[in-house]
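Add chain B to chain A, keeping to what the hints say.
Chain order of the listed sequences is A and B.
With the numbering used here as the guide, the letters of the first sequence map in order to residues 220 to 420.
With the numbering used here as the guide, the letters of the second sequence map in order to residues 220 to 420.
Do not take every clue at face value.
Identical copies go unnamed one by one, so any copy, or any two together, can satisfy a pair.
[What the hints assert, rightly or not] Quick list of in silico lysine to aspartate or glutamate cross-link-like pairs, DMTMM-like style, CA-CA up to 25 Å:
#1 Lys267 - Glu348
#2 Lys307 - Glu364
#3 Lys306 - Asp240
#4 Lys287 - Glu364
#5 Lys307 - Asp240
#6 Lys306 - Glu333
#7 Lys267 - Asp349
#8 Lys287 - Asp349
#9 Lys384 - Glu364
#10 Lys363 - Asp268
#11 Lys363 - Glu290
#12 Lys267 - Asp357
#13 Lys229 - Glu239
#14 Lys229 - Glu410
#15 Lys229 - Glu333
#16 Lys287 - Glu410
#17 Lys307 - Asp268
#18 Lys267 - Glu418
#19 Lys307 - Glu340
#20 Lys229 - Glu290
#21 Lys287 - Glu333
Hint data in this document are derived by calculation from the structure and do not stem from the laboratory.
These figures come from a predicted structure and were not determined experimentally.
Chain by chain, the residues run as shown.
There are 2 protein chains.
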Amino acid sequence: MRTFIVVGHKAKTTPEFSLEDIPGTSGRIDILCRCTTAAFVLSHGIRKDVVILLVLCGGLVPKTICLKGSEIMYLNPDERTTAALLKKALELPATPEWSRSTPGIYVRNGGLNELLQQMREIRLLYLREDGTDIRRIDLGNISKEPVFLLGDHLGLISEEEELIKQIEHRVISVGPTSLHADHCIVLINNELDRFGREESA
Amino acid sequence: MRTFIVVGHKAKTTPEFSLEDIPGTSGRIDILCRCTTAAFVLSHGIRKDVVILLVLCGGLVPKTICLKGSEIMYLNPDERTTAALLKKALELPATPEWSRSTPGIYVRNGGLNELLQQMREIRLLYLREDGTDIRRIDLGNISKEPVFLLGDHLGLISEEEELIKQIEHRVISVGPTSLHADHCIVLINNELDRFGREESA
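If we strip away everything but chain A, and leave its shape as in the complex, we get (with noise of 0.2 Å):
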């Protein structure tokens, strides 16, 4: 299982946007568009090994919209079909616990802080542009649970920065250049889908 996380820090938390104009009245929902189809689409296909945690802080409270592609439907590769999704999750009364909007889609009140709370075994890999490029880490030596974590187009704030820090983490980048987080989940994948092939080889 593969596992990203985005954080949308202007991304609102109910469903009060227009799919006719995603990035103005959505506080940015449309990267988040982009992350989840960069995080499953296969040009035949999803990829059923993927869960995508999308943090949502434009709000009062925040809430988090996971996606899991081993049972995720109705998920197309364009932004407004994706937009549609997470805003029909948004439409749930959001409660501490997970409930389900559409298959494979769950959502829930909290934010980055509950689900770094819950995942203190794994090894966050944690995106930033000063990162080890992920090509001269020893994937074999990441869990084969990886879980990333990546900003939105306002990175990651301090306090966000202090939460990591609390857990065992190692900072990542893709390359020499500053790119969107959803071409880094690209790049992600394709570096481990050329690892997975290396090692059934």
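This is chain B only, laid out in the frame that chain A set:
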């Protein structure tokens, strides 16, 4: 300069499609939009050294839209904004000569045949699943002006492959998994970024 050519086999050559349902009404111009943002957008800016040529074959006569990073304006990372720019370009009466739509965006009649006729001097890098892995290619051997050719969800058809056979080309791939064209472009850009960094080191 990096050039990407993407063939949209069903992509409409007229602006009669809805921005509210790009995949369903435009002949999958959404694919070309995602390729465009994959080619150009950086975390904080646009790749000025990129050109993308979108070949739209879903009309009586094919059209090509050319987007130049050195001149382009109004490009945002979301799909809808890009689709609106392409729609605007398709509103222009096209001729066999390039006409400028918005800054950095040009359109003309003609498809892959015309493009390749005019590119006889270049060595084409044709993306196909069974190609040589880009990481095994000596990128120093590729001209400083690489031209990459990618198909949409339908790949390239046999008539197009015949055109390719008539010019110097190499068949390459980006890894062990079959990916969408926009994700291939992200991976190519990363490979060239890394090579450029090594070269200048």
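Evaluation of the provided hints:
no.: 1; hint: Lys267 - Glu348; verdict: between (28 Å within a copy, 21 Å between copies)
no.: 2; hint: Lys307 - Glu364; verdict: neither (29 Å within a copy, 46 Å between copies)
no.: 3; hint: Lys306 - Asp240; verdict: both (13 Å within a copy, 17 Å between copies)
no.: 4; hint: Lys287 - Glu364; verdict: within (14 Å within a copy, 41 Å between copies)
no.: 5; hint: Lys307 - Asp240; verdict: both (16 Å within a copy, 18 Å between copies)
no.: 6; hint: Lys306 - Glu333; verdict: within (22 Å within a copy, 44 Å between copies)
no.: 7; hint: Lys267 - Asp349; verdict: between (31 Å within a copy, 23 Å between copies)
no.: 8; hint: Lys287 - Asp349; verdict: neither (30 Å within a copy, 30 Å between copies)
no.: 9; hint: Lys384 - Glu364; verdict: within (20 Å within a copy, 44 Å between copies)
no.: 10; hint: Lys363 - Asp268; verdict: within (11 Å within a copy, 38 Å between copies)
no.: 11; hint: Lys363 - Glu290; verdict: within (20 Å within a copy, 45 Å between copies)
no.: 12; hint: Lys267 - Asp357; verdict: within (24 Å within a copy, 34 Å between copies)
no.: 13; hint: Lys229 - Glu239; verdict: both (18 Å within a copy, 24 Å between copies)
no.: 14; hint: Lys229 - Glu410; verdict: neither (30 Å within a copy, 32 Å between copies)
no.: 15; hint: Lys229 - Glu333; verdict: within (18 Å within a copy, 46 Å between copies)
no.: 16; hint: Lys287 - Glu410; verdict: within (20 Å within a copy, 30 Å between copies)
no.: 17; hint: Lys307 - Asp268; verdict: within (23 Å within a copy, 40 Å between copies)
no.: 18; hint: Lys267 - Glu418; verdict: within (19 Å within a copy, 38 Å between copies)
no.: 19; hint: Lys307 - Glu340; verdict: neither (32 Å within a copy, 52 Å between copies)
no.: 20; hint: Lys229 - Glu290; verdict: neither (28 Å within a copy, 31 Å between copies)
no.: 21; hint: Lys287 - Glu333; verdict: within (19 Å within a copy, 45 Å between copies)
Hints 2, 8, 14, 19 and 20 from the list above are not met by this structure, while the remaining hints are.
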